[in-house]
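Chemist: The listed protein sequences correspond, in order, to chains A and B.
Using my numbering, the letters of the first sequence correspond one by one to residues 26 to 153.
Using my numbering, the letters of the second sequence correspond one by one to residues 26 to 153.
Derived from the structure by calculation, the hints contain no laboratory data.
Predicted model, so just to flag it, every value in this text is computed and none were measured.
It is possible that some hints are incorrect.
[What the hints assert, rightly or not] Part of the chain B face toward chain A, derived, beta carbon under 10 Å:
no. : residue
1   : ILE38
2   : GLU45
3   : LEU46
4   : GLU49
5   : THR102
6   : ILE153
[As the list claims (entries may be wrong)] The calculated label-pair distances, taken between Cβ atoms and stated as ranges, are:
no. : chain 1 : residue 1 : chain 2 : residue 2 : range
7   : B       : SER48     : A       : GLU141    : 32 to 40 Å
8   : A       : GLN144    : B       : TRP152    : 22 to 30 Å
9   : B       : GLY99     : A       : GLY114    : 24 to 32 Å
10  : B       : LYS113    : A       : GLY134    : 31 to 39 Å
11  : A       : HIS140    : B       : GLN144    : 48 to 56 Å
No residue lacks a Cβ here, since even glycine has one placed at the ideal position from N, Cα and C.
Protein chains: 2
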Amino acid sequence: MSNDASPQSHRAINLSKKFELFSEQWQPKVIAEMNDYQFKIARLEGDFIWHDHKDTDETFIVLEGELRIDFRDGAVTLKAGEMYVVPKGIEHKPFAEKEVKLMLIEPRGVANTGHESSQRTAQNDIWI
Amino acid sequence: MSNDASPQSHRAINLSKKFELFSEQWQPKVIAEMNDYQFKIARLEGDFIWHDHKDTDETFIVLEGELRIDFRDGAVTLKAGEMYVVPKGIEHKPFAEKEVKLMLIEPRGVANTGHESSQRTAQNDIWI
Numbered sequence: 026m027s028n029d030a031s032p033q034s035h036r037a038i039n040l041s042k043k044f045e046l047f048s049e050q051w052q053p054k055v056i057a058e059m060n061d062y063q064f065k066i067a068r069l070e071g072d073f074i075w076h077d078h079k080d081t082d083e084t085f086i087v088l089e090g091e092l093r094i095d096f097r098d099g100a101v102t103l104k105a106g107e108m109y110v111v112p113k114g115i116e117h118k119p120f121a122e123k124e125v126k127l128m129l130i131e132p133r134g135v136a137n138t139g140h141e142s143s144q145r146t147a148q149n150d151i152w153i
Numbered sequence: 026m027s028n029d030a031s032p033q034s035h036r037a038i039n040l041s042k043k044f045e046l047f048s049e050q051w052q053p054k055v056i057a058e059m060n061d062y063q064f065k066i067a068r069l070e071g072d073f074i075w076h077d078h079k080d081t082d083e084t085f086i087v088l089e090g091e092l093r094i095d096f097r098d099g100a101v102t103l104k105a106g107e108m109y110v111v112p113k114g115i116e117h118k119p120f121a122e123k124e125v126k127l128m129l130i131e132p133r134g135v136a137n138t139g140h141e142s143s144q145r146t147a148q149n150d151i152w153i
């Protein structure tokens with residue numbers, strides 16, 4: 026290692042600090058990529074639309090607050106430190122009574138509303 | 026929905042509770058899959074070996090404690106709530122002075138020691 030190389034030359038991604046960079050809801054921000062997958066963080070509050078992703082599973086990890094994901098046959102409620110993988114092709118509708126902060130993991134290019142178009146449809150590939 | 030369907034018929038994966046199910050170190054446990062990727066949790070303490078993964082990136086998310094990942098040209102230190110994606114082909118060596126609890130995300134079938142064989146080589150696909 027040369028004298029120029031910092032021992033901390035690689036930078037950690039701090040989730041809390043990333044959330045300080047934006048306040049808008051329903052607009053996922055990309056914070057990292059792994060192969061062709063993206064890690065996105067988002068603030069959600071209120072009701073999303075029913076949708077599914079025909080070609081991929083989708084992972085939700087709640088970091089703060091509480092998220093309910095409704096399915097046609099039930100629901101799951103996720104608190105901070107809890108996660109769930111929605112299988113591909115399964116219709117689901119996220120809902121948060123109060124703002125929830127979460128991380129989404131899914132392949133690059135997946136639309137947040139699946140093949141539905143809505144006011145909730147967000148632009149992809151916004152990095153912070 | 027029939028009367029038999031529980032409104033919480035889908036089960037959240039609680040990371041803290043999953044850690045209560047094992048105490049051994051350096052033995053990642055699978056807690057979820059997303060397409061052909063696995064979410065694994067592990068307890069690490071001490072030094073790992075230098076290794077790389079020729080074909081895939083590897084994601085580290087620290088849940089409790091502190092993890093240092095050494096690279097040939099530096100290092101990154103991850104605290105709880107921080108993550109890092111090690112690019113494919115990059116040699117790295119995890120180290121934890123005290124036990125760290127973390128989540129790993131990578132494709133199913135990736136060996137924890139890459140193409141190196143060591144006492145640290147763990148069995149894959151152990152679900153909890």
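Chemist: Tell me if the beta carbons of B/SER48 and A/GLU141 are separated by a distance inside 32 to 40 Å.
Modeler: With Cβ atoms ~45 Å apart, the hint is violated.
Chemist: If I claimed the Cβ atoms of B/GLY99 and A/GLY114 lie 24 to 32 Å apart, would that claim hold in this structure?
Modeler: 43 Å, violated
Chemist: May I ask you to test the hint 48 to 56 Å on the CB atoms belonging to A/HIS140 and B/GLN144?
Modeler: Holds, at about 49 Å.
Chemist: Quick check: does the Cβ-Cβ distance between A/GLN144 and B/TRP152 fall within 22 to 30 Å?
Modeler: Hint violated: Cβ distance 40 Å, outside 22 to 30 Å.
Chemist: With 10 Å as the cut and Cβ atoms as the points, is B/ILE38 at the interface with chain A?
Modeler: OK, holds: B/ILE38 within 10 Å of chain A, min 5 Å.
Chemist: Tell me if B/THR102 is really an interface residue toward chain A, meaning its C-beta lies closer than 10 Å to one of theirs.
Modeler: 7 Å, holds
Chemist: Using the nearest Cβ pair, does B/ILE153 come within less than 10 Å of chain A?
Modeler: 14 Å, violated
Chemist: Is the shortest C-beta separation between B/GLU49 and chain A less than 10 Å?
Modeler: 21 Å, violated
Chemist: Going by Cβ atoms only, is B/GLU45 closer than 10 Å to chain A?
Modeler: With Cβ-Cβ at 13 Å, over 10 Å, it is violated.
Chemist: Minimum Cβ distance from B/LEU46 to chain A below 10 Å?
Modeler: 15 Å, violated
Chemist: When you take the CB atoms of B/LYS113 and A/GLY134, is the distance between them in 31 to 39 Å?
Modeler: 20 Å, violated
When each numbered hint is compared with the structure, violations occur for hints 2, 3, 4, 6, 7, 8, 9 and 10.
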